[in-house]
Amino acid sequence: MSTEQQQAARKELTQGLMTMMEGWGLSLDDIRTVLAIPVPVRKMDKFRRSEAFPDEEEVNKRIEHIVGIAEGLNTAHPTNNRMVIHWLKQPNRKFNKRPPLESIVKDGLAGIVKVRAEVDCTFAWIENSAY
6 MSTEQQQAAR
16 KELTQGLMTM
26 MEGWGLSLDD
36 IRTVLAIPVP
46 VRKMDKFRRS
56 EAFPDEEEVN
66 KRIEHIVGIA
76 EGLNTAHPTN
86 NRMVIHWLKQ
96 PNRKFNKRPP
106 LESIVKDGLA
116 GIVKVRAEVD
126 CTFAWIENSA
136 Y
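Each residue of the sequence shown is one higher than the one before, counting from 6 in my numbering.
In case anyone wonders, no lab produced these hints; they're calculated from the structure. One should not assume that every hint holds.
When the alpha-carbon atoms are kept at most 16 Å apart in a straight line, the in silico EDC-like pairs for lysine to aspartate or glutamate are as follows [what the hints assert, rightly or not]:
1. K111 - D34
2. K51 - E17
3. K48 - D34
4. K94 - D35
Derived CB-CB ranges, DEER-like [stated by the list, open to error]:
5. N79 - D50: 21 to 31 Å
6. E56 - S7: 16 to 26 Å
7. W130 - A41: 22 to 32 Å
8. T24 - R103: 19 to 29 Å
We put the CB at the ideal spot given by N, CA and C, even for glycine.
Input sequences plus hints: build the corresponding full structure.
Laid out in structure tokens, this is it:
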């Protein structure tokens with residue numbers, strides 16, 4: 006894949022993730038926090054329109070987990086996006102009676118990983134076998 010193709014794919018990934026996370030009900034500030042993007046909130050709109058997320062290790066790690074969460078949720082609810090949103094916003098005992106989305110936003114990378122482990126059984130199995 007050429008550099009141009011990689012940049013185009015990264016931009017497409019960025020726009021898709023922005024659309025998806027906004028569909029989950031996250032604000033631009035929430036998205037910035039979740040992905041640890043080092044830009045002011047007022048500049049986040051550029052990712053929706055024209056630019057790719059920064060190609061930084063921390064950002065990439067978080068993107069990988071958010072994509073894993075989305076894939077797990079789409080596997081569980083392949084034809085009903087409303088159930089995906091419902092699950093993300095419904096208080097859950099596994100997240101201290103908080104919604105998983107709150108854990109994603111407020112608990113940093115640990116919260117993101119915990120939610121991914123809940124919805125992605127392969128990831129959970131790999132994580133648990135690493136210890």
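Structure-based check of each hint:
1. K111 - D34: 12 Å, holds
2. K51 - E17: 13 Å, holds
3. K48 - D34: Given that 16 Å is the threshold and the Cα spacing comes to 10 Å, the pair holds.
4. K94 - D35: 14 Å, holds
5. N79 - D50: 21 to 31 Å: Because 26 Å falls inside the window, the suggested range holds.
6. E56 - S7: 16 to 26 Å: 19 Å, holds
7. W130 - A41: 22 to 32 Å: 26 Å, holds
8. T24 - R103: 19 to 29 Å: Holds, at about 25 Å.
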